[in-house]
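Residue numbers (numbering that gives the first Met the number 0): 0 to 791.
No lab work stands behind these hints: they were computed from the structure.
Ideal Cβ placement from N, Cα and C applies to all residues, glycine included.
Take the hints with a grain of salt, since some may be wrong.
No farther apart than 25 Å at their CA atoms in a straight line, the calculated lysine-lysine pairs in the DSS-like style are these [unchecked claim]:
no.	residue 1	residue 2
1	Lys611	Lys698
2	Lys599	Lys611
3	Lys698	Lys578
4	Lys731	Lys80
Pairwise CB distance ranges, derived in the manner of DEER restraints [said to hold, decoys possible]:
no.	residue 1	residue 2	range
5	Thr453	Asp564	23 to 31 Å
6	Gln156	Pro527	48 to 56 Å
7	Asn714	Thr790	50 to 58 Å
8	Asn714	Lys169	52 to 60 Å
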Amino acid sequence: MNAPVNAPVVKSSAIAAQVIQACEGIAPMWPLDRWIAVNPWWGQRHQAVETASFEREMLCSGGMLMPPAFYLSAWRSGRIKDSDLQQAASFAGEPTTVEQLVEQLRAGSTSPHGFPSALAGFASNSEALRLAREQIGQACMRYFDQRQSRWQVPVGQRTLWQFWLEESGKSGAAPDGWEAAVTHFGAQLPYTDAQRPWAIQHLLGQLPGWAAWCRGMDWRAGLEQPDNSGAAGLCAQLATIWLSCEHDAAIGLTEAERQHWHERLKELKAYMTPDWHTQNLWVWHNAYELAWQKRFLTQLDLACNRRQSEPEKPQPTEVQAAFCIDVRSEVLRRHLESEYPAVQTLGVAGFFGMPIAHARHGTGTSEPRLPGLLAPAYRLSDTLGDAAADAKLSRSLEQREQVRESVRRAKYSSLSTFTLVETTGLAWAWKLVRDGLNRNTTTTDAGYNSYLETMGGQPLPLQERVDLAEGILSAMSLTANFAPIVLLVGHGAHTDNNPNEAGLACGACGGNNGGVNARAAAALLNTPDVRQGLAGRGIVLPETTRVLAAEHCTVTDQVRVFDADALPEGSARILDTLKQKLAAAGTHCRRERATVLGLKGETDVGLLAELKRRTRNWAEVRPEWGLANNAAMVIGSRSLTRNANLAGRCFLQEYDPDLDKQGDVLAALMAAPMVVANWINLQYFGSVARPTVFGAGNKLLHSVVGGNLGVIEGNDVDLRQGLPLQSVFDGKHWRHEPMRLAVVIQAPAERIEAVLASHTDVGALIENRWLWLYRTDGQTIQRYRGGRWETT
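Based on the provided sequences and hints, a complete structural model is requested.
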């Protein structure tokens, strides 16, 4: 057995650390039933966006830039203007003309070949890469599938690396632990210390879905056990598997191929340096983003000027309605305000500050209903109001599920009979007929009682409940002047037979519908002892104020109000008016969305009927467009945007700088909602810019893996990340413009800068240009660029 030439000698701990470093460059992935949008370049946030994009392109075809033809088309159509190109060129310090930029773009790419490796770098080993990819992908399917697989790997008995050794017939031929194995293989491959993390990321990029899945499991383990970084687990073992395969492929190289590989590695620095063509493309891409931002900022400026020149007449506020910052809420808020001048709408993260796991009857598990960046702090348990009744109902539901599971396992067992399979299949025939005829109905829920407790099952102390309540109100800058009704509006998507449904629901609620969180927050704010505790902190909720919860179905734009019984005297009329205005606003929303859904020309009645049908139609691949075309976020007063039609493209987070002199609220908003919006924005970006790497492919070819792990496309072996093609493409045109988020914050410059300095990840996103940052004082707008503020 011959080792590749010039293999460096490296200590075990050093190579293991490099593997962990490389794994931290992989963005995590969540299971289908908890799917949330993830920034696919999150692991590169501490690099300049241009450098990170080029490196990812070289390592795994995972860059950010669109093809030259995309930008040329945008320029010819007027989407990019000459002034936009000139501004982008000046930002890049490129003294060039528009004519030169166009000529350079037409010249085509001179980018070098990708990362050299034994598996992928030589024609004689192309088959080795295909076989390695197939074998590793199949092994991951079998290892992680705890629901559909006929023969399941007992959890905890074997690591992924140990399972691979057995599957590949290498037990006894390699160390049993991944740390020793990675040293054994890594030290024999001709990579330097600087090259090894690149090599590992390149190899993991051959199965980006399974790499992201392993990284996601490590990430969630780190959330549950803070002492565990989450990086040295399954992703590192997957990297070890890939290195072992490359080691085997390297042994099969001829001496000439091996020497060629080594020579290419010596030239690697040149390969990994952006060329002039890439730099030119970034000028075009920046021009593409700046062109839209000019129009957006003009809308904000006009809205501010209109507010100053035509101040609104004071009118008693009857309802304060807090919506999720989700871009789809912007459309509903705008129409509701137009229909109902006595409403004040607010924007807040859709989990309403309730970091909970929801325990339903009979499930035996709890669903996290909070952003994926956080771990649940409390449990919300459903109850019938009686412990014995709760236990009886749970037993009944558990027994029903056990029967279903037994039948399912019997059907897929290697010993099952044809009669069993056919009989159980016939039991579902009527449901299939009803689905095919769109006769099934979807409901939000039938109402329930619940109680909040610690994750250990202890009652929540009053002080913690008051802290939660104060956090809810502070996050939306609503701490005084309460209206008779405060409405917390979560959102969700109701669709049938849609593995990607969680991607249409509320990302702030962990890919679940937001009604549960809204109801939990409303119940908390209505509790007398909590209100008394809030009053002691200067937040007085009048006895005449009732907090209600609602849920906005983003497919139909209908809003359902929950728990609206026993309202204080005088509030019943307000509630009736609110319901009427919500219905009218929903009608206007549906009209606005009709064109992009291909439903223009339908009557209001027909449009609602068609959208309801979409929620029940198990063959519908585009029930709605989700958050497609998201492009901006405003952290500030609603008065900045109330007179602007933002076309459902803007996240709106309420913030009053006068109530936050210390900047604590702003820090929390920039570190959480803004980062989540960035994740959503770049998930959509990646699904358009690199659909084969960061997109989920064609829904019509999807098969679900492991019940809820993810989907594969056709007979491929890799999990697909990101959004299905049908979520961003209508068959002819992209429905999402690939642009980085433009964030406008209404706050003093020094307050924003303090957050950038004290929060490493937030500072990295902005300093490295993963999003655009602007600030406003309500009159002027400034852009943050190169560490300073400049007037737009």
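Are Lys611 and Lys698 close enough, with their CA atoms no more than 25 Å apart? Answer holds: Lys611 to Lys698 is near 21 Å, not above 25 Å.
Determine whether the Cβ-Cβ distance between Asn714 and Lys169 falls within the hinted range of 52 to 60 Å. With a Cβ separation near 26 Å, Asn714 and Lys169 fall outside 52 to 60 Å, so the hint is violated.
Lying within 48 to 56 Å: is that true of the beta-carbon distance Gln156 to Pro527? 52 Å, holds
For the pair we were handed, Lys731 and Lys80, check the Cα-Cα distance against 25 Å. Distance ~24 Å between Lys731 and Lys80 Cα, so the pair holds.
Given the range 23 to 31 Å, decide if the beta-carbon distance of Thr453 to Asp564 lies inside it. 29 Å, holds
Would the hint linking Lys599 and Lys611 be met if the CA-CA limit is 25 Å? 16 Å, holds
Please test the hint of 50 to 58 Å on the beta carbon pair from Asn714 and Thr790. Holds, since Asn714 and Thr790 (Cβ atoms, about 56 Å apart) stay within the stated range.
Lys698 paired with Lys578 [C-alpha distance capped at 25 Å]: 36 Å, violated
The earlier numbered hints that this structure contradicts are 3 and 8.
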